[in-house]
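K.L.:
Take these sequences, add in the hints, and give me the full structure.
As given, the protein sequences belong to chains A and B, one line each in that order. Per this note's numbering, the first sequence runs over residues 1 to 470. Per this note's numbering, the second sequence runs over residues 1 to 470.
One should not assume that every hint holds.
Said to hold, decoys possible - Only part of the chain B face toward chain A is listed, based on derived beta-carbon distances under 10 Å:
hint	residue
1	101
2	162
3	384
Honestly, the hints are just simulated from the structure, not real lab data. Cβ atoms here follow ideal geometry from the backbone N, Cα and C, with glycine treated the same way.
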Amino acid sequence: MAHVTESKKACAVNPLKMSAPLGASYAFMGLESCMPLMHGSQGCTSFGVVLLVRHFKETIPLQTSAMNEATTIMGGYDNLSQALLNIRSRAQPAIIGICSTGLTETKGDDVEGYIRLARQQYPELADTEIVYVSTPDYVGAFQDGWAKAVTALVSQLPRQDLPRNPLAVNVLPGSHLTPGDIEELRDIIESFGLQPAFVPDVSGSLDGHMPEQWLGTTLGGTPLNTLQALGGAALTLAIGEQMRPAAQALQERCGTPFVLLDRLTGLGASDAFIQQLAQLSGRSVPMRLRRQRSQLVDAMLDGHFHFGNVKVALAAEPDLLWAAGNMLTEMGAELAVAVTTTRSPLLDKLPVAEVLIGDLEDFEHLAQAAGCDLLMTHSHGRQAAERLAKPLFRIGIPMFDRVGNAHICHVGYRGTRNFVYEVGNLLMDQIGHHHPHDWPLPAASRLAALGVALEPQPTPPPDRFAAASA
Amino acid sequence: MSPSLNARIAQVFDEPGCDVNQGKSAKERKKGCTKQLTPGAAAGGCAFDGAKIALQPIVDVAHLVHGPIACEGNSWDNRHSASSGPQTYRTGFTTDINEFDVIYGGEKRLFKAIREVIEKQDPPAVFVYQTCVTAMIGDDIEAVCKRASQKFGKPVIPVNAPGFAGPKNLGNKLGAEALLDHVIGTVEPAETTPFDINIIGEYNLSGELWQVKPLLDAMGVRVLSCISGDGRYKEVASAHRAKVNMMVCSKSMINIATRMQQRFGIPYFEGSFYGISDMSTTLREIAQLLVQTGAPAALMDRTEALIAVEEARAFERIRAYRERLQGKKVLLITGGVKSWSVVSALQEAGLEVVGTSTKKSTKEDKEKIKEIMGDDAHMIDDMPPRQMYAMLRDAKADIMLSGGRSQFVALKARMPWMDINQERHHAFAGYEGMVTMVAEIDKALFNPVWAQVRAAAPWETQDTLLTEAL
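P.N.:
Rendered as structure tokens:
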């Protein structure tokens, strides 16, 4: 049981956290033909675009209602309705996903009312779905924004009159799953003859592919008709604790039962997932997956030498922290430091003495105090790693100093195997080389060998004979 | 918005050094120089972003952002402005305000945050940045900074440029205003020489200042302060003792130059470090103005001699590429001064510029383009990405030079691209920089990857034998 505390500092130093509206926008980026829109100042959008461009090395569709001081005071209806009209005419998306920001929440813009008014005033908007999520910048973190956006989508779009399709499975992945993770899950689920629908599906939109034409909106992702058909699935799989509210909302709306899998990294965690699929489909586990399980067991055997007793400092959003932190301890490493961004029911169950809701300065100080051998967080951990002269294993968003981030895969047997090998190799690099003077004999032993009997002394001063022997 | 900020913006707009502004009627001038943004079709940073960009390169200062997590958490440590010493500027400091702060006010948290920063880092000064939310709830950062300065005996500088005040460009100027109000002229330099200059609007991205400084060193010219690249607080504070000011990067901080001329009688000129002839012109102007303000006349001859040797050395190195690059077509999507200063450099390398964007250029910039390119046929005012993509795909250009955001327009069209804006990793200033830039263009154009990525997959080409066999 971990003790969860919140940093008492007035000043966050080297933030770990990113904002909720950005997490919500990122969720909308996993829908096909969608344009996410931040209702705020143009800077809110601009910072988000730059961050995601640097992470994914892809074009990022994200618009702004471009609020200024006058429109903030007068209310943002004109800007919001103009933004909707402009986006509709320029990019022709099927869905516009609106996220509020600190600016418009502080003003108190009634966005839901604005959308109703805009639909009355501009009937041409009828061909565009509009989904709104309230995400003030000063409440919660990135994964909270993501979760709220998915909850808004499944509370609004699925039809309630569809018959059950026993083979259809909804998958609600948390924001910590990469496009590569989602591709892997699709492969696994399909190998049981099931038909998965991912909401959102960043594997279609942000997996770095070559489109046939230039589009202003997202390139791929969950299509609108898939969103509308979610109610016909036999089961919803929610991946990560953050997705519980969304899975509940879908159950309330359409009666679809759900199973929450708190993580998919790890042997036991993957077994539970595969077992679930086998039960649901009534099929036996395919040979390919059995083989992958056996490969993972071998990887864990080969890797455990390097993980054993290694002290790790880990800073990530709660669900990623949960997945990586448990996996590390299952490999024999010690989770010595855990820092996160926001509250979660998982935090006090983490295999660590203390979880701090804090920043990367806390992370750095705690890692130093605990004498950690390995740092694990997003790319902003690079300054701490440099100062502490410790290796940094990058996980999460942003990862601006690496290419191929979309294809990182750490879920299922194969993904867990990747994780073991990637972290294991970094730890292998750290194996120290020994020197002739690494194991000096204490003075008492040396004197004893010379035939000098030492007066019995409880604790001789350590360097009493050092000068004499030099 | 507070009356003081309104007055400040009006003052910034009434810029005597800006020809565009002087060409307007009194009524037009009152409206200000920022174009009204189109909601739903806008791009670019906010005023806070601009102020931070302008001031953050002062490397020994702690830059503290008062606002919700989005403003700093989504954007910190994301520029390549280089430091020759302190790394304080790369540390992200933010009050990360929560819902209670929005309700009860964030001034106390800000004051405590300043105290924490000073206790932990002991920087020569703290810069405090206002943001939208804290401006709206009425946090008086000027009063808090004043009190903190008294209490802690250290300059605490308010930077009043909340995001909704306007675009990035306005933010640059508001950042400059903070320096004019609170920093410049507050410290006397240990010594002065007749060869002291300030460089204003140079951010030392990727260390570009260091490509120019050896030239100035060779001339015996001392950079008293660079505002703000690789800057130190004390240097900026003593900038008022320079003999000459050089304005870089078009108009981004022109208010510093004009106000220092009014206040301290320091003459200024506008120059550029981009392009061989531009670099030479800049060195000549520096020498000429220094001679006018009392430096020995021999400086002119020494400067000419240096220019002759350095130009010859640069051209010799560029000539090696000229044969390969002759006639290759370049699409240049950037803004301001680079829309023309880079053009001449490219032409020197034998490249043909088929288009240059003038979206962010002034009337003067456009005149320069006409002068250099012969006519205005190649000016692109506002090209949507779709059109850029089509232009590249149809091979009307061989390479695009632009900022990071539009890189995918080129890459998805399978065309070479090179970064010439702020996120780039290569230094392109001075004679050295032009050689580097030409080398980088050559590297991009002749990479063997292009032939491979443009080739169709084997099953996409009509192979009659294969289809028959099937």
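K.L.:
Does each hint fit the structure? Answer for all of them.
P.N.:
Verification of the hints:
1. For residue 101(B), the shortest C-beta to C-beta distance to chain A is roughly 7 Å, which falls under 10 Å, so the interface hint holds.
2. Of the supplied interface hints, the one on residue 162(B) holds, with its beta-carbon coming within about 8 Å of a beta-carbon of chain A, less than 10 Å.
3. The beta carbon of residue 384(B) comes within 8 Å of a beta carbon in chain A, closer than 10 Å, and the hint placing it at the interface holds.
In this structure, every one of the numbered hints holds.
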